[in-house]
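A.B. asks: Quick note, the sequences are listed as chains A and B, same order. For the first sequence, the working numbering gives the first residue as 2, with consecutive numbering after it. For the second sequence, the working numbering gives the first residue as 2, with consecutive numbering after it.
Source of the hints: derived by calculation from the structure; they are not laboratory data. Just so you know, not all the hints are guaranteed correct.
Same chains, same label: a pair holds when it works inside one copy or across any pair of copies.
[To be verified] Straight-line alpha carbon distances no greater than 20 Å define the calculated SDA-like cross-link-like pairs of lysine to any residue that follow:
{"#": "1", "residue 1": "258", "residue 2": "511"}
{"#": "2", "residue 1": "331", "residue 2": "593"}
{"#": "3", "residue 1": "148", "residue 2": "37"}
{"#": "4", "residue 1": "232", "residue 2": "340"}
Protein chains: 2
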Amino acid sequence: MWTYQAPVADMLHVMTRVLGAPDRWSEIPAFDGLDADTAREVVQQAARFAGEVLAPINANGDLVGCTWTANGVTTPPGFPEAYRAFVDGGWPALACAPDAGGQGLPQLLNAALFEMLAAANHAWTMYPGLLHGAYEVIHAHGTDALKERYLAKVTSGDWLGTMCMTEPQAGSDLGQVRTRADLVDGAVAANGAPVAITGGKIFISGGEQDLTDNIVHLVLCRLAGAPGGTKGLSLALVPRILPDGRRNAVFCDGIEKKMGIKGSATCQMRFDGAEGWLIGEPDRGLAAMFLMMNAARLHVGLQGLGHLEAATQNAWRYAGERLQMRAAAKPQGAAADPAGADPIAWHPAMRRTLLGLQARTDAVRVLAYWTALLLDEHEQHPDPTRRATAGGHVALLTPVAKALFTDLGHRSADEALQIWGGYGYVHEYGIEQTVRDSRIAMIYEGTNEIQAVDLVQRKLLDDGGARAQALLAELECEVLLCLAQGSLQPFGVALSGQLSAWRQAQQALLDGCSADPEYPLRVADDMLQGIGHVLMCWAWARIARCSVAPLAGGRTAAQWQAAARYGIEWLLPQAQVHWARVARRTAALPFV
Amino acid sequence: MWTYQAPVADMLHVMTRVLGAPDRWSEIPAFDGLDADTAREVVQQAARFAGEVLAPINANGDLVGCTWTANGVTTPPGFPEAYRAFVDGGWPALACAPDAGGQGLPQLLNAALFEMLAAANHAWTMYPGLLHGAYEVIHAHGTDALKERYLAKVTSGDWLGTMCMTEPQAGSDLGQVRTRADLVDGAVAANGAPVAITGGKIFISGGEQDLTDNIVHLVLCRLAGAPGGTKGLSLALVPRILPDGRRNAVFCDGIEKKMGIKGSATCQMRFDGAEGWLIGEPDRGLAAMFLMMNAARLHVGLQGLGHLEAATQNAWRYAGERLQMRAAAKPQGAAADPAGADPIAWHPAMRRTLLGLQARTDAVRVLAYWTALLLDEHEQHPDPTRRATAGGHVALLTPVAKALFTDLGHRSADEALQIWGGYGYVHEYGIEQTVRDSRIAMIYEGTNEIQAVDLVQRKLLDDGGARAQALLAELECEVLLCLAQGSLQPFGVALSGQLSAWRQAQQALLDGCSADPEYPLRVADDMLQGIGHVLMCWAWARIARCSVAPLAGGRTAAQWQAAARYGIEWLLPQAQVHWARVARRTAALPFV
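Just chain A, with the same shape it has in the complex (with noise of 0.2 Å):
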């Protein structure tokens, strides 16, 4: 049966051996006092958490999902009540301001706090999933008296939030977004201005649901006379519950039935007139959304890493128990089954697998951690050039983090299922609901074809490369620090063969843009995985040299050589194919 539990020793290894955060933190001076000890508490309370109440209540809110009335969402048993008690746990504050009433630890920790979440129970983290978002949209754009009414509320999950986007006609084109705002009360157009909200919105995650008294609804939407597209949205606070505890104009019309994620409920939302608050400047209201689109991508990004975990362990542990058949060869020493079948962990095909899993879980975590860190240094660090440098890593990662992880989240569950055989189509099993659960992630958030799009056009074109070359020179580090040692050659040699296919591949899109605008667009997924193959070989490298001694209780030094051993030798020759179609700029691509 399908289980959970955080691999806290590994996890704690990739932070301190190979990416050296306490270290790291110790040059911020917000993160004063945080260590090792620090971090080692709260990933196992963490850990406990997501293990001992939300794992346990995945597997049925599959089944019951939510059910919709017109009064209202009620969502699967167990639901409210392990809300309650996260928010008890303080744990929606961990990586608020202080200022703000929260714990002011840094995003890495937020982000193995929401690794574990989303592998546990994905469905269930839906609902808390965008409250640091609409902590930081309030936090960084609400007026003093949007502030005062509802951001400690938010910081401490007692409301809960929703990013109300999409409409029928507008997916990933926002500049079609019609939900109108009226100001009303003879206002003049400003931040704060109290506006009657009018529209339709879809796939508005916890649009309603029955965790918490009151929900905070961020709504993008258009003032009367602004801009067609992007440049006319404003963004608009519109709680559930007005300050008077009248009930507002914002009503859900129905939740959509979803391949996966069936617990969290996906709402029809309808404003009808509903009273609310510009927040931000008006026409401003996508800039103030993106502010935190780094950090949002990157929680997409780990609810990737989180299936990709929760695929890894229950294959091993699956394919450890499971005997069918003789296997051509057998580990050293070990006894054949009376049985007249060997696990299936033995076959080829089987180690292939897991190992593939493994090494694709450690390189993700690795780069998912660094991305986290170099997030808090970007928002933290006294330096103002490693603030700049961090940033711009930052910016080139997101993309890549999001798309990359999410691919191999879905792609690797998929592949896992397999080791089931039939049983693996079985809900019981719990690995068909992680195939389900992680195709979403995919898609939402910005889909991972628009992830590309905005990784070539926006962020390795718009500056001529310089954000790359920044990125390569710190990659390339580790190439000096593997050649210097002589079990560490291969990676060495993998990693620098990759950066210099990345740096080739760089440069054709620089010469070729202008010549033939489309060829971008036309190899953006190709570059993005190529990327992404790069920076998973600069993972299996560091885990390689960082992985001599690892922490007690989590994985041996041998364990995590040999998957990351296996990630150059048999999933790194993925890239060529990613590098060969951007090289070939002619490639037809004609409609059809």
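With the hints as your guide, set chain B onto chain A.
C.D. replies: Leaving out everything else, chain B in the frame of chain A:
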């Protein structure tokens, strides 16, 4: 919304122009009188049944699923009526021998039929899916007495059949089957001997249903005193209702809650001394079942093709209708939409997805139909040399077809889902059901990993490579034909390169397998994928060469050419990853 209309003109184009089936049928006396017109008539009628009867009950069948009680199973609304219409139309007997009441039409037409059934409604198709196999077993192995009682009813489809193989401890490893057969009435062990069957079976598709009065179970079992492993397995025919009208002691104890094909009842079966008869020789049960394995595995491959086609045609339609954002380039002469957004089919990432879907669908259809055509030649050609050659090709092609087509069917549907964005995740749009339904085909009838092992061990290495040489020689002809025409040079060059790569990989396997017996198993999946790419390349070349003037009502020559060209330019490079992995004999695959 999801729809399915069989692409009749395209299917017939592949049969007649690309593969030249009518000319090949004319060499086979059993198909006397069969021509392109008859084939068209059959395909058109089947298309009407699939599109008008089965497709409309597909989505609801998924939502409602099957209901189990101790008295039996209720299939989704419309399923029994559709099955009645299927029987009344004479479809079950299409490719059965005239002496058994069949129509004696080619496997190729039966393949086209099952492609359409699976595309329109995979879950429903599970019920008649095993019928032809049951027919073949009874036809080939049944005593006259058993044939007398069961053959006509199974040929006509009045009674359905099941294959009872899997037990909880015996999935891929059928040698562990424990179900017991006890001889009764003092019979000696021989074909047709009466037996009492005792044991439990799982994952039995259609073990109970409400479509037919009787069900004919074919049960893998073991006589008392028989050897262990697969060499001690016998096959028994066990009817649900006995000839004298009594209910036999075979019961369905429950059905599985599955990821997909929810309208298909996947039953846990209990045999409590159920009455039956041996069919085929004692201890030769697996051989009797394997007789029909090539056809059965091809049929599963056809499910992959069906899902590919369904995903492809729905994706093209939706991408043409959905308007989001301005495209960087437009089709020549296309007018910009006044709404300020272009069809997503114009965006490069979507064009890649759409062309990739079409290229795979086309190649898989060519390969599936070709395999079916070879199966007919193997079974019915008057020239024994032709029969033998065709038999060798079929043996090699079958595991590739099963694994490659189902892999592509599922993965392509999953890729297609992305085209719908958030709507893709919602049940109502249908594509997520295709993703879920298609997943099972990678597992049953031998997992795709088992197919790869079968390919390397029993098809590529067991005869020193002779079968592979024969197929390579056949494929080589296409190189010569393409190189002879200027415009087809790229296809000839690509195919020539792939054939060399296969030859090298083949040699590496032959050279390396004795020193390191596990080596072929480590690279089995890559060998299968590599050969799959060679075959797709051959299909694209053949399509390009033979689609100068395609059948009216289908796609234009330019459309066929564009997809084939996309195949060799964008998809074929993937083959290199597989060949490179096969070539690296020493890459580590540790036990961890």
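A.B. asks: Confirm or reject each hint.
C.D. replies: Comparing the hints with the structure gives:
1. 258 to 511: Classified as neither; 44 Å inside a copy, 52 Å across copies.
2. 331 to 593: between (53 Å within a copy, 11 Å between copies)
3. 148 to 37: neither (34 Å within a copy, 76 Å between copies)
4. 232 to 340: between (69 Å within a copy, 17 Å between copies)
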